[in-house]
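Undergrad: Start from the sequences and build out the full structure, keeping to the hints where you can.
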Amino acid sequence: MTSVSYPYQLSASKVRAEFFRLLPISLFVVAFGAAFGLAAMQKGLEPLQALLMSATVFAGASQFAAVDMWGGEVSLLPVIAVVFAINSRHLLMGASLYPMLRDMSPGRRYSLLLLLTDANWAVSAQEYQRGTRNLEVILGGGLAIWMAWIIGTWLGVYFGGLLQNPKSLGLDMVLGCFLLAMALGGKKSPRTLVAWTVAAVSSLAAWKWLPPNMHVVIGALAGGAIGFFWLEKKPDEHAKEGSS
Amino acid sequence: MTIETTTLGTLALIAIITAVTVVTRFGGVFLMSFVTISPRIESFINTMASSVLIAIIVPMAFSGDVGSVAALLATAAVMLATKKPLPSIAAGIAAAGFVRYAGFA
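From first to last, the protein sequence lines stand for chains A and B.
Per the working numbering, the first sequence runs over residues 529 to 772.
Per the working numbering, the second sequence runs over residues -15 to 89.
Careful: at least some of the hints might be erroneous.
Facing chain A, according to a computed beta carbon distance under 8 Å, are these residues of chain B, among others [as the list claims (entries may be wrong)]: (1) L(-8); (2) T5; (3) G12; (4) S17; (5) F18; (6) I21; (7) I29; (8) M32; (9) S35; (10) I38; (11) A39; (12) V50; (13) G76; (14) I77; (15) G87.
So the derived label-pair ranges between C-beta atoms look like this [what the hints assert, rightly or not]: (16) A:L605 x B:S22: 34 to 40 Å; (17) B:I(-13) x A:A545: 42 to 48 Å; (18) B:P71 x A:D631: 32 to 38 Å; (19) B:I21 x A:S633: 14 to 20 Å.
It is worth saying that the hints were derived from the structure and are not from the lab.
Backbone N, C-alpha and C define an ideal beta-carbon position, used for all residues, glycine too.
TA: This is how it looks when you write it as C-alpha cells:
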C-alpha cells in the first residue's frame, strides 16, 4: 500500500459540458419528479419529507414503490426488500464502471456513485464500450438529474394537480426510450446480439415467474455470462490497457 | 416490524431507504475491488453492461400498453436510422402520446 496513484482526474470543463448535455433529459426528469411529489402528497407525506426523500434516495422507481407502501404504519422488512430489489441493478451498473472507477481515489469513487442513475450510467457505459473513459458524465450529468428530480418533486408537491396524467403525454416512457437509444447506439457484434437475446429471454422469464423486480439483475447476469464464456479476440486491447 | 409514520418515524424510514439505496450504489464497486480484472472478467462486465439495458427494456415492452410498445418501436426506428438519441427519444414519446390520444391504448 505504498503511494498508490490514481491516474483518473476529472476535468472541470468536461463536467460542465456533461451537465449541459444531460439537461434536455433532465427536463423530463422534472416531470417524473412532479409525478412523485404528487404521489407522495396523496399518500400523506409532508412536503419537506417528500423533498428530503428525493434529495437523499434519488432513485425514482424505488421511491414510487416505497411511497406506495405508505400508511399510518409501514412494515420495515417489505419496504427494505422492495427498495433493494428495485435498486439492485445499481450493483451491476457500479460494477460495470469499476475498471474506470478504480483509477480514482476511494473517496471520490464512492462520492461519485451517490449520483449514479440509469441515465448517466448508460452514457458512461456506452462510451466505455467505444473506448472513451467518461466519469465526468456521472458527476455533471448526475448533478443535472439530481437537481431536476428535486425541482420536479417540489413542483409536484405544490402544483401536482396540474400533472394528473403524465402517461397521456407519453412521459412514462422517457426513461425506456432513453435507455433503448443508448443500447442501440452502442457497439453491436455477434457476441453482443447473442448476449442481448439471452438477457431478453431470461429477464422475461424472471419477470413472469420469479418474485417482482428481480428480472433486471437476472437478465443482466445471464447476458454477462455470455461475455464470460465467449471472449472476443482483440489483441490490441491488451496492449492498450497495459499489464493490469 | 413496523414504523409509525410520525414525523420522527418518517425521517427514520427515509434514512433507512436511503441507506439501502446507497448499499446498492456502493456494493457492486466495493465487491469488484476484491476481484482481479482478467480479460474474462472484463468481457463479463462489458457484456453485462449492455445486457442491463435490455433486461430493463424488454419486460417494459411486454408489461406495457400499446403506447409503450409504440414508443419503443419509434425510438428504435429513429435511432437505427439517424444514430441521434434526442430525436429518437422525442419520436418515442410522441408516438406514445399519439397512440394513447388516439385511443388505441
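Undergrad: Evaluate each hint against the coordinates.
TA: Here is how each hint holds up against the structure:
no. : hint                          : in the structure
1   : L(-8)                         : violated (11 Å)
2   : T5                            : holds (5 Å)
3   : G12                           : holds (4 Å)
4   : S17                           : holds (7 Å)
5   : F18                           : violated (11 Å)
6   : I21                           : holds (6 Å)
7   : I29                           : holds (5 Å)
8   : M32                           : holds (3 Å)
9   : S35                           : holds (2 Å)
10  : I38                           : holds (4 Å)
11  : A39                           : holds (3 Å)
12  : V50                           : violated (12 Å)
13  : G76                           : holds (3 Å)
14  : I77                           : holds (4 Å)
15  : G87                           : violated (11 Å)
16  : A:L605 x B:S22: 34 to 40 Å    : holds (38 Å)
17  : B:I(-13) x A:A545: 42 to 48 Å : holds (43 Å)
18  : B:P71 x A:D631: 32 to 38 Å    : holds (34 Å)
19  : B:I21 x A:S633: 14 to 20 Å    : holds (18 Å)
Hint compliance for this structure: hints 1, 5, 12 and 15 are broken, all remaining hints hold.
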